[in-house]
Structure formats: C-alpha cells, structure tokens
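Chemist: Sequence:
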Amino acid sequence: MPESNQSSLNQLVHILEQTRGIHIHVNETSHSTHNALQNLVYISTILRTDHTKQREVDVLTDVLGICYQPAMLGGLGINQPDSLTIQQQSEIFFLVDAWLESLNSADREKSMPCLLTHRPEGRRGMTVSEKIFAMHDLNHIGWVAPGDIIRVHVDWILASEVSWAGMETTYNLLGKPGVFRNDRFWLSGDHIVDPRINELPQVQALIGVSERAKKTFKMTEYQGINYTILHTEFYRERAQPGMLVVGSDSHTCSSGAVGCLAVGLGAADVTFPLVTGETWFKVPETINIRLVGEPKPGIGGKDIILYILQVLKRNTTASDRIVEFTGPALRHLSLDTRFAVSNMTTELGGITGLFVPDEITHDFISRRKLTRHKCHTAYFRPDTDAEYAAVHEIDLSKVESFIARYPKPDDVVPVTEEEGMELNGCFIGACTTTEEDLILGALVIEQAMKRGLKPTAKGKRKVVPGSMPILYRLRELGLCDIYADAGFEVGIPGCSYCVGMSADQAAPGEVWISSQNRNFENRMGKGSIGHLASAATVAASSFEMKLVDPSDLIASIDLSQWERLRTTRIHLNTTNSKSDLAYVEPCGSRGYPSATTQTQKHIENMRLDKDGERQVKSLQGKVQKLGDFIDTDALAPAEFLIGIKSNMDAGMCCLVYRYPTFRERAQQGFNIVVGGKGFGCGSSREQAVMALLGCGVQCVIAKSFSFIFQRNMPSLGLLGITMEDESFFQLVNDGVSISIDLSSRIIKVADKTFGFKLSQMESEIFRFGGIASAFGLFGNKLLEAITPAKFHPGPEKEALEQPDNRLQW
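At position 381 of the sequence shown (counting the first as 1) the number is 417 in the numbering used here, and the numbers step up by one without a gap.
Hint data in this document are derived by calculation from the structure and do not stem from the laboratory. The C-beta atom is built at its ideal place from N, Cα and C for all residues, glycine as well. All the pointers check out, no bait thrown in.
As a list, the in silico BS3-like pairs of lysine-lysine whose alpha-carbon atoms are at most 30 Å apart: (1) 713 to 784; (2) 146 to 405; (3) 661 to 784; (4) 251 to 212; (5) 434 to 582; (6) 681 to 251; (7) 349 to 713; (8) 788 to 739; (9) 494 to 444.
Quick list of simulated restraints, FRET-style, between CB atoms: (10) 91 to 111: 16 to 24 Å; (11) 57 to 655: 51 to 59 Å; (12) 493 to 712: 42 to 50 Å.
Sequences and hints are given; from them, build the entire structure.
Modeler: Set out below in structure tokens:
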C-alpha cells in the first residue's frame, strides 16, 4: 500500500486511466497529501472542469459518501479522515476501482426501447408482469402473452453465501467468463454465517467464496457477512418498479412489494444471467388478488398473507402463476406490509407476487439517498382488459391474528383457536419480518410490561432484525432494550432459526411460535415443531410461553406513537397527494429481428456437431411412488447443505427423514420417481435435484412441479415430466416397471401407453446436458441457439390465432 503522497495520488490516477481510459494531469507540488480521501476529492475537482466526465464525478461522489457512512449503514465508517489505516486506504482504492468499472458495466447494457405514455392502439391488454416482460424482451415486440417463450434482459442478480457457493461451481464450469454487470450483483451473507460459528472450516469456506467474488468481480454492492438478510436491504434500497430481478432464493419474490418482477430460480439458472445479462422465461399466466376493506390497526402483512393462504390454500390457484395484488385497499398498506405479503407468495405456490405500484411506492422510492437506486423506475399498471387466469377478492377487514399450524403454511386458524398452547421457544425474525413488524412487536412487549407481566424463566426467546440499518434504528429508538428486558436475545442479521442450519437450531420435540415464513418438517431444526404467526403474536406469547392473541395489547398501543415510529407511513389521502408519478407502457417493433445468415449457420453447425453426443433415446426402471408436495427441505435437508459439493454428496441425504429407504431403493433400480402435486415446492435449493441425481434417479414424473424445481431439473440434467392423465397415477403403483421413449414422447406401463409433452426449452437444455454443458458449446449465444428467431405476429386477434408462428411450450 502506498505510503507517500506520490504513490497514493498516482494510484488513483492509474485506476482512472486503466478503468476508464481517462488521463489527468495532477500537480503534485500544489497538492501535497498522502491521504487517499483528500486525493479523491482533488481528482473529483479536476474532473468537474470537464462536463463530459460527469458520470465519473457522480460515482466518485458516491464513493466519498460510502467512505463516511457508518459501517452499520453500509459504509466504511471513516470518522477520522486525517489518519486512515492501511485497511481503509485499501478499501477506498477498491471502491474507486469498482465504481468506475460499474460505468463500463452500464455501457455493456442492452439498449431498451423508449417507453410510451399511452397504450398503442390494437395491442392486447396486459397485466403488470406481462408489461415488465415485454419491456425486457430482447426481441422488443412491445407485448407478450402467456405461453410465449422469450429471451429477456435482467436488471439484478441476487445470491446468498450458500447459493453462491453452488453458483461459483457453475461459474467455473462455464469457464470463468466474468460478470455482465459488477454493480448489479447483490450477494449477502445470511444463511449460515454467524460470529459464533464463523471459525468453523466449512463456514470459513463460505465466507471465502463470497470475499473472492467481491474481489474478482469488483462488486460495488457487497456489504459483507451478516449485514442483511438477502432480501431486506435489497428491497429497501435497491429494487425499483418495473425492474426484472432473478435470485437464487425462493423468497426473491419479496421485492415485488415495489412493483418489480422478482423471480427466484436455482443457482445454475441464475449463474447464466449473471455472466450474460439475460435469461429465458415462458410467460406465465397471472392471477389477480384484489384487496378490499381496511385492516384493523396492528394487522400487518404476515396476518394478511396467512389469511390469503387460509382462503385460497397453497399450490392451488396460484400454482405456476404470477400473483398481482390490486384493489382499493392498497392505500392502507405500507411498503413493509406489501413486502411481507409478496415474500410469502412463494408459500402460496406462486412464481412471484407483485403489487401494482402507486403513490405510496413512489414516495418510498423517492426517499432513498442514492440517485442510482431511484432513477431507473418504470411504473406499470394493468390494463382494464388485462387477461387474468383468475380473480379473487380478499376483504382485509376480516383479517385477525392468525397462526399457521405445523407443518403446513396454509393450515391457518385464528390465534384464539389455539390460545394457551404450550411453547418452548419464541422467534421474531427471518426475511418476512420487516422493520415495521419488529417495532410493533416491541410496542406489544412494552404494553405487556406496563401491565406487570414478566417473562417466565421457561423457554428460549430470540429476535433477529433483518439488517444492520434496522438494528441501528431499533437501538436508536430504545426498542432493543425493550426486547432484552423481556428476555429476548437480540441477534445480528441472518436467517437464524428460519433455516435451522446455523448456530440457531430448535431442538427435537421443541414447540416454537415464529414470525418466519416456512413451517415445514425439520425446518427450524431436526425434529422440532414450528408454527407461524406475526411478530406481535410471538411477542405477546413470549411472557408465559403460551400462545396469546395480541389483539388486546395492540389496542392499548398509542396509535400516534406507532404511526410516528413506522418506517413507511400510510398515506390515507393518496388520491389527493401531489406526485410526479406517471404510468408508462412498453413499446416495440412488429416482428422479431432476424439473426444474420452467418450467425444462423454458425449456430446450426454447432447444434449438428453436438447432436448425438448426449442423445438419450429411452429410460427404463422401476417406480418409487411418493405423495403430494414433496418439498426441497425434505429432498435436501438444510443441515446437510453446507457439506454438499457434488451430486454424490447430495444423494447421501436425499429424503433421509421423509423416506429413509429411498436412496437404497433407487440404487437397486427403483429409479423412476412418481410424485403428486407440487413436487419440489419450497426453497430454491438446487441441491434437491442434485440429491435425486446422486441417488441414480433418471426421471421424475408428477402431476405438477414447483416452478423453480421444474427449471432446475433440465438445468442440471434431470428429466422431469408433467403427467396430466389421472389414470396414469391410478395405474402406476410402487415397484412397477416403466419405460420412457423420449423420441415419441410415450410412457409405457404394462400394456398401457401415455403421451407426454416437453417444452422446447426443457427438451433442448436437457439434450445438451444442462446449462453448464450447453454454455460450453454455445457460449453467450446459448439462448439464441435454442430459441431461434421466428416471426412474431402483430397483436391483432387473427394473428393471435396462429399458434404455429409462436414458440410453444
């Protein structure tokens, strides 16, 4: 590290020249200091004299802001700028290099067509999600419809330290091609890392891969471990309306709260857009959940989504569909409330859930400090003639305090129905629990203490804020002290008990009430029992370690105090508020741009060269028949994830608790799995597919698959077949022999045959051996190769009636 004025100043000049090709003359005589911050200010001043360098000035100004920002708020926390440490100097140089590189990343961005102020005449009515897909469609048609297979530009990539460990493996298999945008990769250490266990070799390895990613990719958005749960600060400070976000975590859907399309995928599936900036989607159907009525004071997002789960049930109307939340009740819902609802849309079975953005959203985004995180918005609303697969009305005035009983998120009843249930533990935390929820929980505890209640010595209590900025605010407000006085251990940001794979794990037989989002078997720890409720319910239940309805305590809270403390205010008069919010429409051309003859020929030659190398003509085996809703937590239990490095490793734990003999039978030739509805639901962990492959499973046949799991299968080289014929499941019993002809798409059982379908994308990716193998052949042209450009008709009705012109699923 430089120790002199010349080396410090020259290093910044060198970074500027190497990264952006800008050479500036510095006067070392007149500017005599070795301080990197002062040198940075000096260079910024020089650049300001050249109006063509405003972008560089802007990012260097942001770097200066990061330097002074407290560490708990995501900065370097430099409070003595005149005496920098070697480490601080090093971090400053890294930030300058990374943020200047971000301008190069932005320059690589694919151009997006200008947005329209009005819907073009004749265009089909679209939902919000369809409009976002249309805006990101690389073919720029200007509209999409359910069933279309499209290549799309991606705005952000999300990963946790656990999923990135798998993504790094895929990244290496791709040939370490670099990332598309170093400023749009959000990596958070939250699942396993914890100061109590960070010295363990396996945890050190996870920290190491994350730190390596930061340096290798010059990441601008890496805040280190235990700074935030993956989704919390991304939603609060980065996600913007109209963006398309993909993440290697099933709760990526949380950011739909701000009106962006945020979709969870498997790790391998997410690595591809990380390096190329694009991915593919089959445009899903959309359902509309129309919210009406006004919720009672203190009723937040958790109770609302539990009520929706009670009414609609899991993996039914929302299954494999996008959920859009609309209706007059939105004016009563803060962004934190919307976040909790969007977060648990995945528990409902939806691909993602998003709220139509409005003035409340606009106000939330506008109050962010950094311009770059509020200047790429596109506010869409559904057309009046948008085609929804289903419309459901939910009356929020009927929502009360609910509990989802173990082990089903949709086994929802009023808390009063189970009041008095004995508990061993109370947990307030996980990504679904917002700052607003944490504040209300503390106020409930405060009211209970005013009534003379004291925490019993029985049981365990833990509260874990979703991010350091939230923890910082709770401390400022004195709410951490309230939790501590009530016997709660205040933890640092992380998933904690919600995944039961780190330092916090519930013991076998323990009964917990938790404000997390999943209550699957063994979720909080092997053999534990977890019920779901709001933070307020958990807080009220913590004193006597018995389930308590918090309604009476909430009613005694000073509502003006509650309103004052909330992160996001609820504007009841939004229709009269002044705002520069303007809704827009996607635009585009009428037809697909054709690939050049040379490109088409090159792609076709590569396809011909590859054909035959991995042509699986047929599969044969015996059936292991499983039930409905086989979740990924069961296929690859959380406690084993940290040690999984290969398919073989994953196979060792496959269904070890749910079906202990599964692995042994698979190796004996019972290698065709037949499941029921919602196979692979739950977490996005691709280790679930790896586990099946590691056991020797050749194919999974089910009535329906979870969206993420279905994409994970071909990406990793496992065949998945959706069977719609109910008679197949009546005929196929455990142990029966079965043969699958991939060429004719026929399954034969005894003397019966059943046809099946595979999507173009599933078939192609599986044929080429998965994402990594296909990328090795086609590189960045992979999606172009397996979705060759075709004419896309105009939006007129007669054109829509020509299915042969469309890419079919």
